[in-house]
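Participant: Chains as they are written, first to last, in our numbering: chain R, 381 to 834; chain W, 1326 to 1477; chain L, 45 to 346.
Hints are computed from structural coordinates only; laboratory data are not their basis. Do not take every clue at face value.
[What the hints assert, rightly or not] Label pairs and their computed distance ranges (CB to CB): (1) Lys725(R) / Gln1428(W): 54 to 62 Å; (2) Gln1428(W) / Glu285(L): 33 to 41 Å; (3) Asn600(R) / Glu1349(W): 52 to 60 Å; (4) Gln779(R) / Leu106(L): 58 to 66 Å; (5) Glu518(R) / Asn108(L): 26 to 34 Å; (6) Met381(R) / Asn108(L): 36 to 44 Å.
Bear in mind the structure is a predicted one, so any value in this text is a computation, not a measurement. Using N, Cα and C, we set each Cβ at its ideal position, and we do this for glycine too.
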Amino acid sequence: MMVKKVLVANRGEVAVRIIRACRAMEIETVAIYSAADADELHVHLADDAVCVGGAAAQGSYLNMENILSAALNTGCEAIHPGYGFLSENSRFVKLCESVGLTFVGPSAEVIAKMGDKSTAKKLMKAAGVPLVPGSAEEVELEEGKQLAESIGFPVLIKASAGGGGRGMRIVRKVEDFESAFQAARYEAEAAFGHGGVYLEKYVENPRHIEVQILADEYGNTLHLGERDCSIQRRNQKIIEEAPAILPDALKERMYEAAIRAATHVGYTNAGTVEFIVEGESFYFIEMNTRLQVEHPVTEAITGVDLVREQLRIASGESLAFDQEAVTFNGHAIEARINAEEPREKFRPAPGRVSFLHLPQGPGIRFDSLLYTDGDIQPHYDSMVGKLIVRGDDRADAIQRMSSALDELIIAGEGALRTNRPFLSMLMLQREFKDNEIDTGFVERHLERLLSYES
Amino acid sequence: MNNRQLKTLIRIFETSELTRLRVEREDATVELRKEASKPAPVKRNASEDVSVQCAGETEGRHVEAEPQPQKPSRETTPVKAPLVGTFYEAPAPDQPPFVQEGQTIKQGETLCIVEAMKVMNEIPAPCDGTVSTIHASNGELVEFDQLLMEIE
Amino acid sequence: MRAEEGQKRRLMKQAFEARRRFRARHRTYRGETSPLKHVGVPEGLYEKCKRCGERFVKDDILENKMVCPSCDSHFRLRAIDRLNMTVDEGTFIEKGLGYISLNPLFQEDYEQKLAENRERTGADEAFIYGYGEIKGIPCVLGVLDSHFMMGSMGSVVGEKVVKSVEYALVRRLPLVLFIASGGARMQEGIYSLMQMAKTAGAIQKLNQQDLLYISILTHPTTGGVSASFASLGDIILAEPEALIGFAGPRVIKQTIKQELPEGFQSAEFLLEKGMLDKIVHRHAMKDTLYRLLYLHEKGARL
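Could you put the whole structure together from the sequences, leaning on the hints where they help?
Facilitator: This is how it looks when you write it as structure tokens:
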């Protein structure tokens, strides 16, 4: 039986997205908001809204007790967590289960398993999913050297007790191995109190390719194709596309691996398996046990409403279609619109929106939290909208995206800036049009990209 | 309005999610209110034509623009809800309320309870004074920062 | 919140509000939830810390070793919980089973009270002991459970304490006892008081055999227990802010006719006055015990 009332445990454009999907299914919605977000679009669109805390996310969007209390007291049957915040918090999912609320997503155990990097890797290995080659455990100098040679340089020496780049060294030649090894150990000991290190193949500037998975509670698992999210800056995605321009055989292998991964862990609902691709090889990085920001590009080429499917699966319904029914049409690109100033190291630049003009036309979609006279809140991340464009092929999509970005006006008073001109510039780059993209793209061409006219 | 119409009205009201219902006609005015569950007893009078005017809180919309629908007046100290839960004016359903309007209270005294997840959270008075207005009603869902009472 | 609000924004809000009302009036169903689902908070899902009032999920608190994550207040433990967080998994073998308390002074409610306590706690008395390993080091462990009749010492508790000492003597193992008690059990009168002498005597035997005895005083440790075997440890540890005393503060005040000092009868106060060796936070207890046991092994070196 379809759930009839859902609490949307998020804010911003994803909350709006979920509310719209619910509306289309005649599901009542309850929004939550922090004291700072009282005037946000999602609050006004929902059927009901409850203030759950102060501006700081810790006390509001991450406040499990207040959110559960709000859901129970407004008669909700389910909670949709969106992405970020509590969407991958297994403790929250367990609490939902304890009080009888349906969590729109996989189970607490699956989230916990895939959330822990080492458990996830072990599970993937058991499922036969290729991992980044490396040592499973800590190594000593000699065995490390041998392993490095068998993996092939460059390799990465990483501290096992911590991260953040400390206790980490890239080694490109076997001659440099010993000194790098000792240096990494020494640094790890100093930083984490434990000098253990392990080895990993270093993939320089890979392509970031992810596969969308959908699974119901009856064991039916299918994939909805891949997305190419290589255009990133500091591990933040900027442009996402579907499909990825890759050999079909490689994609088939990735689809199989993704489905194996999902089936092996007993995955339900929507999820994404992330890989890095170098040449003809692909390696598992992690699995995101939630809806992703870039889901619209998959929706654009498959015609599937992912949030609707999430709600249906959470209501206990089986998948309405099988793998054969999934077809891919055309090419879609998504550009993330952030309220930031790219020329000042991309610092956030929120403000009040005084004028909004949105591009329209076939294959143009704009998901955002913006509205005229609305304030962009400084307390949360700077993404204010996503422009999604679908074309017959990649070249067509790029051209349509360029023209859509040209038509988009987000004008504000004073401090408001967006990365729109930066994105326009990106669409014009020859390397982008020729699909010479990888995770190092933005850094490489940064100066050129910043030379836009505002 | 006759007895039967009245009963029908009460029945509809009871099974709906309205918390207040006011029916005005030439001869009679009927006002029904709901708290935790019981509808308040009601006046009755003669005949026809019902024009129903529902209080705008149809689906229990708990907020408009600001989190507090009422703004504190004069120089009063607000008592706001520190969490999301159900407001209770008394320690138990069969006991008298903690405080009443006009009552003198001391700082730290328990004014009310906000129950969340079956845990009773006592809300202490932030200062000495008199309870000037109680804004929240018994059994109502209160949100974070919602104005519960004012102390002067 | 800013003072002035845009006119356009108000327009949007009013439009959405009106449409919401319209939608509500034309809804095709009225808030029925699935008949099979039961939505609601089960009792006991959340608990409040008695000291600071912070709420937490009951299951979580066990992971934190029953210590309030917010104010560090150490909650009372059941014997089983204490054992689980102290001994290595699977190494505890309970000894001294089969003792049943009788009613030697024919006290009216005693048998009923015993039955209630047994039912509620699932234990058959207030003391449990056995063989266990702490990080691989074997020892004899005993725990007084304050949930069973306030951890009071009657004949069975006294006898079992002595039995734990005898077991340690026979196997030549160190003895580790966790104390939490309201004192001697009133219902057994003189039999309870006698246990004080009995247990103290047993400890003396341990001393004579040069065997180590560590006692850990937890909240609350009072009465005949603190006045006998609890205070006879070679090393006496305590948990933070535990109440440790003999008589109640009111009685003491009336007797000596003086105001009691700040923090009287707290573990910290005792430490200051030299009555304890160390206060150990529950999270550090296992490691501390391990180190102490290790250092007392033959040939151990720092």
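Participant: Hint by hint, say whether it matches the structure.
Facilitator: We went through each hint and held it up to the structure:
Separated by about 57 Å at the C-beta atoms, Lys725(R) and Gln1428(W) satisfy the suggested range of 54 to 62 Å. Checked against the hint of 33 to 41 Å, the C-beta distance between Gln1428(W) and Glu285(L) comes to roughly 37 Å, which is consistent with it. Judged by the Cβ atoms, the range 52 to 60 Å given for Asn600(R) and Glu1349(W) holds: they are separated by roughly 57 Å. At roughly 60 Å, the beta carbons of Gln779(R) and Leu106(L) sit within the given window of 58 to 66 Å.
At about 29 Å, the beta-carbon gap between Glu518(R) and Asn108(L) stays in the expected band of 26 to 34 Å. Taken as a hint, the range 36 to 44 Å holds for the pair Met381(R) and Asn108(L), whose Cβ atoms sit roughly 39 Å apart.
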